[in-house]
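First residue of the sequence shown? That's 1 in our numbering, and the numbers climb one at a time after it.
Derived from the structure by calculation, the hints contain no laboratory data.
For every residue, glycine included, the Cβ atom is placed at its ideal position computed from N, Cα and C.
Where hints are given, some of them may not hold.
What follows is a set of in silico ranges between Cβ atoms, one per label pair, in the way DEER data are often shown [what the hints assert, rightly or not]:
{"id": "1", "residue 1": "R188", "residue 2": "F275", "range": "11 to 21 Å"}
{"id": "2", "residue 1": "P193", "residue 2": "A87", "range": "21 to 31 Å"}
{"id": "3", "residue 1": "G251", "residue 2": "P173", "range": "19 to 29 Å"}
{"id": "4", "residue 1": "D273", "residue 2": "A87", "range": "37 to 47 Å"}
{"id": "5", "residue 1": "P162", "residue 2": "A246", "range": "27 to 37 Å"}
{"id": "6", "residue 1": "P166", "residue 2": "V254", "range": "29 to 39 Å"}
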Amino acid sequence: MDPSSALPSHGGPTVLHTGRTACPVIRFVICGPEHSGTTLVSDLFRQVPGVDAGFEVGVLLAASPRRFPDLTVHAEITRWGWGIDEAALARCCDTDDFAVFYERLAAASTVLRPGTHTMFDKTPRYLAALDACMARLAVPFFVVFKDPRAIVHSDWRKAGRPAFGPWFEAYAPDKLGYLRQLYAQYRRVAGPPDPRVCLVRLEELSLDARRCCERMYAHAGYAFDPVYMVLQGVRYENTRHGAISAGEPFGYLVGFSEAERRRVTATFAELDDWFYR
1 MDPSSALPSH
11 GGPTVLHTGR
21 TACPVIRFVI
31 CGPEHSGTTL
41 VSDLFRQVPG
51 VDAGFEVGVL
61 LAASPRRFPD
71 LTVHAEITRW
81 GWGIDEAALA
91 RCCDTDDFAV
101 FYERLAAAST
111 VLRPGTHTMF
121 DKTPRYLAAL
131 DACMARLAVP
141 FFVVFKDPRA
151 IVHSDWRKAG
161 RPAFGPWFEA
171 YAPDKLGYLR
181 QLYAQYRRVA
191 GPPDPRVCLV
201 RLEELSLDAR
211 RCCERMYAHA
221 GYAFDPVYMV
231 LQGVRYENTR
241 HGAISAGEPF
251 GYLVGFSEAE
261 RRRVTATFAE
271 LDDWFYR
């Protein structure tokens, strides 16, 4: 039996045929720096009837699904986030075709809502290898990002709000190196714009939600309904509000002193496009 037959039939998404793997199960892919709003964007798309997904995947970081179990952290997150066991994941990975992997994942998952006919893959780290990931799956991509000061504030808060100076001195070099890699991939698709990629600035989504959402849903091939902005059935604690919060990206303005904000700005100045002014 075709594994995708476990999903209800539907009219079918818009699939891009560009010589890459076409996948009728996966409608689009969301990526971006960690803690920059990718989960919020995923919860917005979960409001569309029949659309759902587990937490994250990571398979597009592998040259083939057969190599995905070698990425042990992502493989473990997939098992937890999609409600499958190790044997089911092994069956999903027993192919060189990414579309087949996703079809098997859809059939095996125990977390998808009844009536799900279309999924997406939300994995922040795909941005670190965006070119390779886009070459492996012919669907629209979303790149979500926010101000570097907000990124640092999120990481500092997650670390338990330690004394800023010593923490930042140890944190900044590796973080800058990682974000530099992501930023280079962002710049490649930002200018000139790549039509397969929709750039989503969290500050824009927070302050001009309707306009941003209309653009996002259109990129994925859905009609926008204002009710989607009222987040119902939120699955993960990463989305902490029942609706889009205008203040969410700006916690660093009160969480950091002016001197701390200046230090972050100077250290991450090369990520210029991401600063919200």
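Comparing the hints with the structure gives:
1. R188 <-> F275: 11 to 21 Å: holds (19 Å)
2. P193 <-> A87: 21 to 31 Å: violated (43 Å)
3. G251 <-> P173: 19 to 29 Å: Holds, since G251 and P173 (Cβ atoms, about 24 Å apart) stay within the stated range.
4. D273 <-> A87: 37 to 47 Å: holds (44 Å)
5. P162 <-> A246: 27 to 37 Å: holds (28 Å)
6. P166 <-> V254: 29 to 39 Å: Since P166 and V254 have Cβ atoms about 22 Å apart, the given range 29 to 39 Å is violated.
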